[in-house]
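For chain D, the structure is supplied; the task is to place chain X on it using the hints.
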Amino acid sequence: MKRRTFLQLGGMTAAGAWLSGCRSANERLIPYLVSPDEGVTPGRAEYYASACRFCPAGCGILVRVSEGRAKKIEGNPAHPVNRGKLCARGQAILQELYHPDRVPQPLKRTGPRGSGKFTPISWGEGLSLLAGRLSALQRERSTERLALMTTQLRGTLAELADRFVAAFGSPHHIRFDLLAPDWLRAANRRSFGQASLPWYDIAETRYLLSFGADFLEYHLSPVHYGFAFGRMRQGRDTVRGHFTYVGGRMSLTAASADRWMPVRPGSEGALALGMARLILTESLYDAASMAASGLWPERLAAGLEAYDLPQVAQLTGLPQQVIAEVAREFATTPPSLAMAGEMVAFQDNGPEAVRAVQLLNVLAGNLNRPGGVFPGGSVAGPENSFADLLAFVERMRGDRIGVALIHGDPLHTIPPVTGFPEALARVPFVVSFSPLLDDTALQADLILPDHAALESWGDVIPPVAPRGTVIGLMQPVVTPLHDTRQFPEVLMATARELGGGMAAAFPQQSYLEMLKEAMKKEVHPAGGIDFETVWVDLLRQGGLFKTEGKGGKGYRWTAEAPVPAPAEPRFAGDDKRFPLHLQIYPSTAFYDGRGAPLPWLQQLPDPMTTVVWDSWVEINPATAAGLGIGFGDLVEVTSPRGSLHLPAVLYPGIRPDMVAIPMGQGHRGMGRYAEGRGVNPLALLALADNGTGPLPAWNATRVRVARISKEGNLVTAGNPEGSYRGELIEI
Amino acid sequence: MEKQTSPYRWGMVVDLDRCTGCGACVVACQAENNVAICGKKEIAEGRNMHWLRIERFWVGEYPNVRARFLPVLCQHCRDAPCEPVCPVYASYHNPDGLNGQVYNRCVGTRYCGNNCPYAVRVFNFYSHQWPKPLDNQLSPDITVRPRGVMEKCTFCVQRIRRAKEDASGEGRLVRDGEVQPACAQTCPAEALVFGNLADPRSRVARLVRSPRRFRLLEHLGTHPSVYYLKGGGREHV
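If you read the sequences in order, they're chains D and X.
Using this note's numbering, read the first sequence as starting at 1 and increasing by one per residue.
Using this note's numbering, read the second sequence as starting at 1 and increasing by one per residue.
Read the hints as simulated data drawn from the structure, not as lab findings.
None of the hints are false.
As a list, the in silico EDC-like pairs of lysine to aspartate or glutamate whose alpha-carbon atoms are at most 16 Å apart:
(1) D:K108 with D:E125
(2) X:K40 with D:E711
(3) D:K516 with D:E489
(4) X:K164 with X:E178
(5) D:K520 with D:D530
(6) X:K41 with D:E711
(7) D:K710 with D:E636
(8) D:K108 with D:D445
(9) D:K521 with D:E532
(10) D:K576 with D:D657
(11) D:K516 with D:D537
(12) X:K40 with D:E675
(13) D:K108 with D:D483
(14) D:K520 with D:E532
(15) X:K230 with X:E218
(16) X:K230 with D:D258
(17) X:K132 with D:E96
(18) X:K132 with D:D101
Derived coverage of chain X by chain D (criterion: at least 3 residues anywhere in the stretch with Cβ under 8 Å from a Cβ of chain D; other residues may be distant):
(19) 6-18
(20) 24-38
Derived, one-sided and incomplete: chain D residues facing chain X with beta-carbon distance under 8 Å:
(21) S66
(22) A92
(23) M250
Just so you know, even glycine gets a beta-carbon here, dropped at the ideal spot from N, CA and C.
Next comes chain D alone, as it looks inside the complex (with noise of 0.2 Å):
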């Protein structure tokens, strides 16, 4: 025997005396002299390659597992939109997997609605009350009245659910999400004739200039952007990227511009209009690409005649030097990049407005060129779901909805101004996928609950990529935890019981099998080559990644194009009994409020208060002093729809006639880290109409704040007077 094997035998016979008087139930030695069971190498972790879907981005990930556990997610370096890199909220879906107040099997409602009484019950039993359910809408031969309610799914998923809704017979397949890019997708193809989604190429522009876009929080793709700016400033020798930022609050990407213009709300697109007349009159544009664009700098020029400097300084509240200058450095410092963001677009003037950004990239040269904006892959979507919404409340509200399924958190993510509560509470029957018991899933009647992510197959097509194909694939890392299904599961063997044309429609064993047959469309492999091969090198890489090649069609103006013209700004209540703007944006850590029951996002200091665990009102300190408001305390903010109480921020980035209120918090369920946690702003929204109609005009609403008393109880990791005009240190 050697001296090493008997040193080990030694170690394991004291090891295991030791470990027999005091093991629990729970605990298993792993024997590292015999050989280990697969997949298992003591001390070794495993990295399996998978896709987030936390947010619609749809980063690559490397999920580390050990002993059969998820431990931690990072970011895939072989994926072309993340490169390695992942946000904070993309390593968190780890907590989704393990949360300690999962769904673990089928719930059924005992209790009234909203009471949290529910009874466990099995799979068997929970698909055929779904399936009777349905099976009755086919007798009374009303199937007109079953609805699928989903988020803006894509590649597979929404192929499924599109065609499940179809088989049986619906037309009701409502897929609305609050930050949807819709409105970027319907100003293309107002302006460009075409509705993809742009790829703005941040890393070789020079002059880059937002208007309400937050590129490194939330904007269709964060941490590609966010990995694009850091090129931008310090990755090339000579050239550091200039950043100039518009709107009203400075948010955490405003943080990072050289420049903020604290515009007025409603302003944005009065303001590039200024700066392209600015540009035209001085003859600062570049007319190939107006030639190339069918553009007449005189005929356009005359076209913008009310948007003269001091005209533009009045209604947007900003100095005319500052436009002036801001206009110049754009024109004349090629490549330069405008991009528009939902704070724009959730004005009432947001369409437009969103154009008339489009329209200094046409003057600027911008379009499809390197350091400009390019048309980004092909990926489809909707163009306005949220007249889709509007059109399903109305349905539901006259009771012509006999079945909802629900897959997300609508009733925590549609402002109730639309009347979706109400109307939902008519619906008969609701059936809700989520995972936790959140604020859609405590009015359901029937609960199904998913997998966690990491737990499920799918295919994960980011809506923002260079160029080429990519389709990120999630695969289960760990084995489920509990007794849950994922949800396209659910759907296929909701059809199969059904039987008849619906069993038809899904040939299919199993979601994998689908998706296995989606991927081999989009690989061809070539004669000879076994795809099962294939397969397993597209899931040990994370997906299908063909960036080469395939440049589409260009951006280019459209004749048919009417020149911008973003109407004079409107807002819910009147400014005597309502002086404050409102603006909602969807916080750093939670995105649309998805992120909140995971307590490493809660504690996680939001980056511009370091509040934590809580939900906040931000004031300008003179704001706040003139109505007697201090740090931290309680106030009520109130809107034409409700009011409000939650602590109040002193924030020296915002507008005085503004207040701000991050997205999130407020949930009646979603478990004990979340529920009851701070306050839902959307319920002070009131929605906009401009004569055409209900908008998605989110940031359009007026409200009023005043102190309560000082016992906001508001935490924040940062000492509030010791970083308040901190000279600590140097930077």
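Only chain X this time, still in chain D's reference frame:
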């Protein structure tokens, strides 16, 4: 200056011009190192357990106001004020330039925390819980620190160890970029760069020669191994 006995001197560069303050590094650190979940009460008492925090500074007044971010982690000082005060040698300096903390030596005097000018040492005032099955996420590479123990950023020493073992198995030194702590690995803007300062060709050593370089509270003479690169360019405030 002491004699260099190891081929490594680990250090980090934080480029403030790239840093966007997004907080990805904070969560990465917490996930990698079994850092406890702290509730509102604990943070209100100033007892947050994060090893890496992002300081936010407001400079100026509206409308000429700027927000600045400063990620602060253990500076791994060469002349660390935390080390000489530990009565049980729990806080020590390793040959690679890391400022180590031996958890099973620590008796919780908190002298080191008092003496740290950067306030990056955190103390387990409470017994922290991971409600089942949340405990499954705990990494087996790192101890879960009990109540009464001081803890801090280690530059993810478990990763460094593994890389060094792998390298020495192949009879070579650790390559530049082969090992990085969780924070640097995840940083979307690549603001955090980790590497061997003793290797003049490493990325971190090249960045350290930048004229934008500075260190936190340099006048205290702690000689930190974390260098910052000043942000900002043509600024309007």
